[in-house]
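Input sequences plus hints: build the corresponding full structure.
Numbering that gives the first Met the number 0 applies: residue 0 is where the sequence shown begins, and numbers increase by one.
Be aware that one or more of the hints could be misleading.
Stated by the list, open to error - Derived DSS-like pairs: lysine-lysine, alpha-carbon spacing no greater than 30 Å straight-line:
#: 1; residue 1: 263; residue 2: 336
#: 2; residue 1: 284; residue 2: 116
#: 3; residue 1: 284; residue 2: 119
Said to hold, decoys possible - Across the chosen pairs, the derived CB separations fall in these ranges:
#: 4; residue 1: 161; residue 2: 284; range: 22 to 30 Å
#: 5; residue 1: 75; residue 2: 189; range: 20 to 28 Å
#: 6; residue 1: 230; residue 2: 77; range: 43 to 51 Å
#: 7; residue 1: 330; residue 2: 37; range: 31 to 39 Å
#: 8; residue 1: 185; residue 2: 288; range: 28 to 36 Å
#: 9; residue 1: 75; residue 2: 310; range: 27 to 35 Å
#: 10; residue 1: 232; residue 2: 113; range: 31 to 39 Å
#: 11; residue 1: 141; residue 2: 40; range: 13 to 21 Å
#: 12; residue 1: 101; residue 2: 203; range: 22 to 30 Å
Keep in mind the hints are simulated off the structure, nothing from the lab.
From the three backbone atoms N, C-alpha and C, an ideal C-beta is built for every residue, glycine too.
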Amino acid sequence: MTGVSKETIVVLGAGATAALIAATTWYQYAKRKNRIPDKWMEVGTVGDLWIYPLKSGRAMEVEEAECTETGLIYHEENKFSLKDRGLLVYRGDNKEQRNAKNYPRLLLITVTTVNEKEIKLEAPNMSPLITKTLIENPQLVACTLHQGERQQCVDCGDEAAKWISQYCAEGDFTLRLGLGVRSKRSVNSEPMKSLAKVYKKMQNEDLGIFSDICSYLIFNQASLEDLNKRLPADVSPLNFRPNIVVEGPEAYVEDDWDWIKIGKDAIFRNVKPCTRCTLINFDPKTAVPVPERRVLKKLQEYRLIREERKRELEGNAPAMGVYAGIRKPGQIKLGDKVYIG
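Listed below in structure tokens is the structure:
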């Protein structure tokens, strides 16, 4: 066996030491980068809080809500707690999720809570339905979300299915109502993997129950006002289905936010711009599309993603609002101060 010189050993040792130093430096940098800031700058206040108990359903305006890993939760004493996007409509035959792009009338379905075990469904020209959130012998169903991701729900029974089908599909009794259960979603799943490679701050815990991407959508009122100046008729924040509307900052500065603190405790991370589809063209009060897809087209004129790698992923989908993940849970309410760090 050929011997190894002292010089070679020294060189190899120096190389290993350099590699170790580089790895340690990178680890410390990454750790600092992901550490919650201790200094904050006030930028505005919470102007609106919205929960969507049914995915694609009518918004529920609330004065305060709990910020959890799976999204906003609205609590009322002695009543079932409503979770943001905690219910969804799916097809009974192939278990595929359905949304307002498939059935625009979903936008007009209101969900409220009756007691600890029952919710009420309401829609125009329909008799209200009070249904149990958990029926006897509930069936666990693996539904397919819009990007092909699988997520579990508990079927809410035949009575709710008949009501949903009658309203949305006019008697095509294939639609069913599902209640979300907390099964872990992963940024390494096939639908999310390409996003997580580009948007490095996304975590498994950010994905919510039935949210398309993340548990929270934070929206800037000034950005909407700027858009409305460019449109022949104003649109509402609800065209964009945000959870938290911030008043005070200049238009579009939210694009560059990183850490966001609301109130005393809740801390979020901006993980991705919210890119938009044709759903923003629908009037949330009537479920009728605005003429000529004008909202989406106008945004495409000036709000496309500029960074090349992200643009390759997002295509011609314009951005409006930011997706955020919770980093520290807490209670938030209207009028709370909003900070960035």
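Against the structure, the hints come out as follows:
{"no.": "1", "hint": "263 <-> 336", "verdict": "9 Å, holds"}
{"no.": "2", "hint": "284 <-> 116", "verdict": "29 Å, holds"}
{"no.": "3", "hint": "284 <-> 119", "verdict": "19 Å, holds"}
{"no.": "4", "hint": "161 <-> 284: 22 to 30 Å", "verdict": "26 Å, holds"}
{"no.": "5", "hint": "75 <-> 189: 20 to 28 Å", "verdict": "38 Å, violated"}
{"no.": "6", "hint": "230 <-> 77: 43 to 51 Å", "verdict": "44 Å, holds"}
{"no.": "7", "hint": "330 <-> 37: 31 to 39 Å", "verdict": "21 Å, violated"}
{"no.": "8", "hint": "185 <-> 288: 28 to 36 Å", "verdict": "34 Å, holds"}
{"no.": "9", "hint": "75 <-> 310: 27 to 35 Å", "verdict": "44 Å, violated"}
{"no.": "10", "hint": "232 <-> 113: 31 to 39 Å", "verdict": "37 Å, holds"}
{"no.": "11", "hint": "141 <-> 40: 13 to 21 Å", "verdict": "44 Å, violated"}
{"no.": "12", "hint": "101 <-> 203: 22 to 30 Å", "verdict": "28 Å, holds"}
Going through the hint list in order, the structure does not satisfy hints 5, 7, 9 and 11.
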